[in-house]
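Peer 1: Under the numbering used here, residues 74 to 361 are what the sequence shown spells out, in order.
There may be inaccurate statements among the hints.
What the hints assert, rightly or not - Each pair of labels, with its calculated beta carbon distance range: (1) 142 <-> 169: 12 to 22 Å; (2) 249 <-> 215: 15 to 25 Å; (3) 308 <-> 176: 15 to 25 Å.
Source of the hints: derived by calculation from the structure; they are not laboratory data. Note that the structure is predicted; figures quoted are calculated from it, not measured. Backbone N, C-alpha and C define an ideal beta-carbon position, used for all residues, glycine too.
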Amino acid sequence: MACRLLVLSLAVAACDEGFESRRWDIIDGEYSPGHPGVVLITNVPAVRSCTAVAISPRVVLTAKHCTIDTTATDWIVAVGDVTRPPSERIGQLAVADMRQAGDPAVLVQGSGEDIAVLLLAEDFRWKTYGWADGLPEGFGNGSQVTLRAYGDTDPTEEIVFGVRYERSAEVYDLQDGTFAADVGGCHGDSGGPAIDEAGTVVGVASVADLPSCGGWTQFERVDVQAEMIRAAIADTSGADGDADADTDTDGDSDSDSDAGSDDAGSDAGADERTGGSSSGCGCTIVGR
Numbered sequence: 074m075a076c077r078l079l080v081l082s083l084a085v086a087a088c089d090e091g092f093e094s095r096r097w098d099i100i101d102g103e104y105s106p107g108h109p110g111v112v113l114i115t116n117v118p119a120v121r122s123c124t125a126v127a128i129s130p131r132v133v134l135t136a137k138h139c140t141i142d143t144t145a146t147d148w149i150v151a152v153g154d155v156t157r158p159p160s161e162r163i164g165q166l167a168v169a170d171m172r173q174a175g176d177p178a179v180l181v182q183g184s185g186e187d188i189a190v191l192l193l194a195e196d197f198r199w200k201t202y203g204w205a206d207g208l209p210e211g212f213g214n215g216s217q218v219t220l221r222a223y224g225d226t227d228p229t230e231e232i233v234f235g236v237r238y239e240r241s242a243e244v245y246d247l248q249d250g251t252f253a254a255d256v257g258g259c260h261g262d263s264g265g266p267a268i269d270e271a272g273t274v275v276g277v278a279s280v281a282d283l284p285s286c287g288g289w290t291q292f293e294r295v296d297v298q299a300e301m302i303r304a305a306i307a308d309t310s311g312a313d314g315d316a317d318a319d320t321d322t323d324g325d326s327d328s329d330s331d332a333g334s335d336d337a338g339s340d341a342g343a344d345e346r347t348g349g350s351s352s353g354c355g356c357t358i359v360g361r
């Protein structure tokens, strides 16, 4: 299959006051309010933006290809409807550090290595998701997953920035490091979580059927990188404050059952677009 990263570049400084509003959504997805644990991450100097998911008060999970050749402290985590000006958003958090699976400069696609974590400089005070420390019992081909992300809904139209959408489908082609589902991933969806029926993050969106979008999306299995994820959570646990969920003030309370705990290994529980390729990546980075 074609190696197409779900990459989206920012034409403007999206986290500065006065930025031009744009939105990137899943093809044929449904509007998905009330899930502040799924966030947009933006790196203005690198001209990149991706989807990510909070899995503890200080750890956000995303796709590694979003982060290659970037500086951790240049990333900003935006919570809620980011069509609003920064002063009106429900949350915008700084990043202190990041960790990447495998060689930080090289992406080995399809191996389970397209995974990275951002370590926040302050607490994420909304509900976080549980994540699959091991492959959940019964998970396999035919299981249902939901992609929840900020990606493009129509690659033929002008992109509008900043709202979560979601789409569900059955898993197929389960491999040692990856699985696929026809959830319509597109530009902007990299790093978006694949959430199983128990509300657990089981995968991270990596590549998709681009440039047409609307078809298959390949996810990297998060359980393959459980050691890295557990270490990141453990290393930041002393900095964690009150992890109780607040109300999602972009209009909905995140009280859904799929907003899991922030405990590591809860088995119950982007996308950049650039004009060139990331260092060491043999894949085509799709731009517009």
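Peer 1: If a hint holds in the structure, say so; if it doesn't, say that too.
Peer 2: Okay, the hints, checked on the actual structure:
{"no.": "1", "hint": "142 <-> 169: 12 to 22 Å", "result": "holds (19 Å)"}
{"no.": "2", "hint": "249 <-> 215: 15 to 25 Å", "result": "holds (18 Å)"}
{"no.": "3", "hint": "308 <-> 176: 15 to 25 Å", "result": "holds (20 Å)"}
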